[in-house]
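Engineer: All chains, full assembly: derive it from the sequences and hints.
Number of protein chains: 2
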Amino acid sequence: MEYRKIKDEDNDGGTLSNDIENLRGIGFSGVASVSNVPPREQAKWKRKTVVTVALTFLTSSQAILIVWSKRAGKYEYSVTTANFLVETLKCALSLAALARIWKSEGVTEDNRLSTTLDEVIVYPIPALLYLVKNLLQYYIFAYVDAPGYQILKNLNIISTGVLYSIILKKKLSDIQWAAFILLCAGCTTAQLNSRSDHVLQTSLPGWIMAIVMALLSGFAGVYTEAIIKKRPSRNINVQNFWLYISGMAFNAIAILIQDFDAVMNKGFFHGYSIITTLMILNHALSGIAVSMVMKYADNIVKVYSTSVAMLLTAVVSVFLFGFNLTLAFFLGATVVSVSVYLHSAGKLQR
Amino acid sequence: MEYRKIKDEDNDGGTLSNDIENLRGIGFSGVASVSNVPPREQAKWKRKTVVTVALTFLTSSQAILIVWSKRAGKYEYSVTTANFLVETLKCALSLAALARIWKSEGVTEDNRLSTTLDEVIVYPIPALLYLVKNLLQYYIFAYVDAPGYQILKNLNIISTGVLYSIILKKKLSDIQWAAFILLCAGCTTAQLNSRSDHVLQTSLPGWIMAIVMALLSGFAGVYTEAIIKKRPSRNINVQNFWLYISGMAFNAIAILIQDFDAVMNKGFFHGYSIITTLMILNHALSGIAVSMVMKYADNIVKVYSTSVAMLLTAVVSVFLFGFNLTLAFFLGATVVSVSVYLHSAGKLQR
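Chains as they are written, first to last, in this note's numbering: chain A, 1 to 350; chain B, 1 to 350.
Worth flagging that the hints you see were computed from the coordinates, not collected in a lab. It should be emphasised that the depicted structure is a prediction, and the values quoted were computed from it without experimental measurement. Just so you know, nobody snuck in bad clues.
Copies of the same chain look alike in the list, so a pair counts if it works inside one copy or between any two.
The calculated lysine to any residue pairs, modelled on SDA-like cross-linking and capped at a C-alpha distance of 25 Å, are:
no., residue 1, residue 2
1, Lys230, Lys347
2, Lys171, Ser337
3, Lys171, Val340
4, Lys153, Gln191
5, Lys171, Tyr341
6, Lys153, Phe250
7, Lys153, Ser337
8, Lys230, Leu113
9, Lys133, Leu163
10, Lys133, Tyr223
Structural biologist: Printed below as a string of structure tokens:
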């Protein structure tokens with residue numbers, strides 16, 4: 001793996017990569033460890049906590065906005081234009097953050113925008129993987145219905161764990177693996193409803209597609225972490241800028257293919273509402289939070305964060321939309337909570 | 001607690017109680033530890049495994065016999081006479097085992113049947129507790145339906161764990177506690193069906209009764225373990241004999257109260273079939289297996305054993321009765337399996 005090669009060079013070169021190693025050692029819910037670590041580690045742990053909590057709340061409110069927009073009626077706008085705007089907004093926010101940093105710290109090797117082809121060549125790959133996954137999404141509905149797909153999407157949890165440990169060569173303890181299986185089972189349990197059993201009748205091509213999509217999604221996440229962590233000292237806003245520029249390019253192509261006529265006839269912003277604007281804003285912020293979690297934490301934290309967000313969403317929906325919580329939800333939430341505890345309790349001794 | 005007092009005396013008196021302590025150290029699924037322990041410990045571990053596996057299969061086939069007898073029609077016989085026969089059979093089997101031991105080893109202080117009032121006075125208590133629990137069972141159905149009661153019965157798992165650690169003063173590690181919560185959540189998940197959500201509408205008196213019943217059941221189990229382990233060198237068949245004599249007495253009273261007229265008019269064995277006979281045989285053997293697990297293992301092993309039996313029953317029912325396994329069952333079975341692993345992995349270091 002290219003990631004490993006460059007990681008090793010970092011190790012030869014200095015202490016930067018060690019920072020990241022130490023950072024991982026502090027752990028996901030490392031409240032207990034904080035008292036034993038120096039102030040610098042504490043600052044890192046705080047940063048990690050802030051980005052994780054931000055991702056959890058942004059993901060949770062994202063799901064709530066989706067329910068809200070569905071209640072308000074069908075999507076009237078072109079999804080591709082919204083996606084393009086999300087990428088554009090993320091780019092703009094990264095540039096704004098960079099401008100502030102340049103003002104306070106000056107332009108350095110680590111925060112300058114210009115780059116080498118060698119550094120930037122890998123940045124379009126995650127965007128490309130997500131594009132392929134999204135294209136497959138249209139075809140899987142020939143084999144699975146929408147609630148069944150929601151259930152199968154939990155395979156992402158397992159695929160992310162497996163690819164994370166294989167590709168990034170990071171070891172999870174046996175207890176942490178058990179916790180990861182529980183996370184997948186718990187999330188699925190929490191989403192059970194009377195029609196969930198249909199998913200067991202999924203045909204072989206349906207299963208294969210679901211597994212391929214889970215692998216694509218897991219690989220995209222792990223690959224993003226790899227390229228963001230390849231140069232730990234590199235400013236995250238520069239890395240984000242190049243990631244999102246790729247996203248803008250791919251989404252521009254998607255507009256041309258899917259919605260060219262609609263945009264030409266009805267305009268780029270046709271059908272936009274306040275909810276649409278809020279959703280674009282939310283998606284942009286969530287996207288940045290994901291990058292931050294990849295930089296300062298890892299894919300495992302990301303998976304836990306979005307899983308907890310799913311539970312939060314359900315609880316908030318009780319108050320906002322009068323949803324009822326099922327017994328399955330309580331059981332699933334219990335299993336997810338125990339999983340979070342075990343992930344922290346099962347940390348490898350270093 | 002009386003149990004503790006006598007346990008302490010044992011410690012003062014010699015090594016017998018230490019045997020039991022060591023036995024516990026070998027653990028529930030201690031395959032990994034076997035290679036490091038002396039032959040005597042290995043023999044104990046084997047005995048523990050045999051009784052645990054026996055209990056699992058007997059409990060599993062018990063549930064299958066119940067389904068079978070329900071399919072064959074309603075209960076035509078008096079349940080109280082069947083219960084009385086179960087206790088009588090257990091008594092007879094204990095005496096038969098004792099007779100063989102007396103022949104081979106002679107009568108010793110540990111295997112003689114005669115006893116002191118001080119030893120025997122506590123033996124009716126578990127039988128009495130179960131009687132009270134079974135009486136309550138008639139009243140709880142005013143508040144909960146039968147499927148809801150099946151779900152609520154999983155509270156037994158938690159009550160057994162809590163009472164086990166409080167009364168027997170045995171420590172479970174944090175991971176083992178997490179595993180125990182998972183066992184309860186997993187068993188409940190595996191039993192979920194479309195009507196399970198009713199249980200969330202259970203009224204306060206229903207919840208209180210369910211919790212009281214769980215505590216009674218858990219206390220009866222833990223108390224049985226306490227009196228059986230009070231004198232570790234005492235032959236288990238003598239202890240069983242006195243336990244089951246109490247059971248016979250209480251069930252004789254139950255016949256007089258509930259089924260006196262039916263027995264007088266239609267005879268003691270009215271409505272007995274082959275299935276009834278098999279069920280009585282199975283209940284007797286399961287009862288003896290429970291005592292053996294209490295003697296050579298503990299209540300925690302018993303709970304795991306009966307939980308795994310529940311899963312086995314469901315799988316066997318697919319082949320025997322054409323039942324369908326639900327997605328909830330697979331998720332629950334996954335969580336229970338991880339729980340079994342964690343119980344073993346989370347063993348306290350000694």
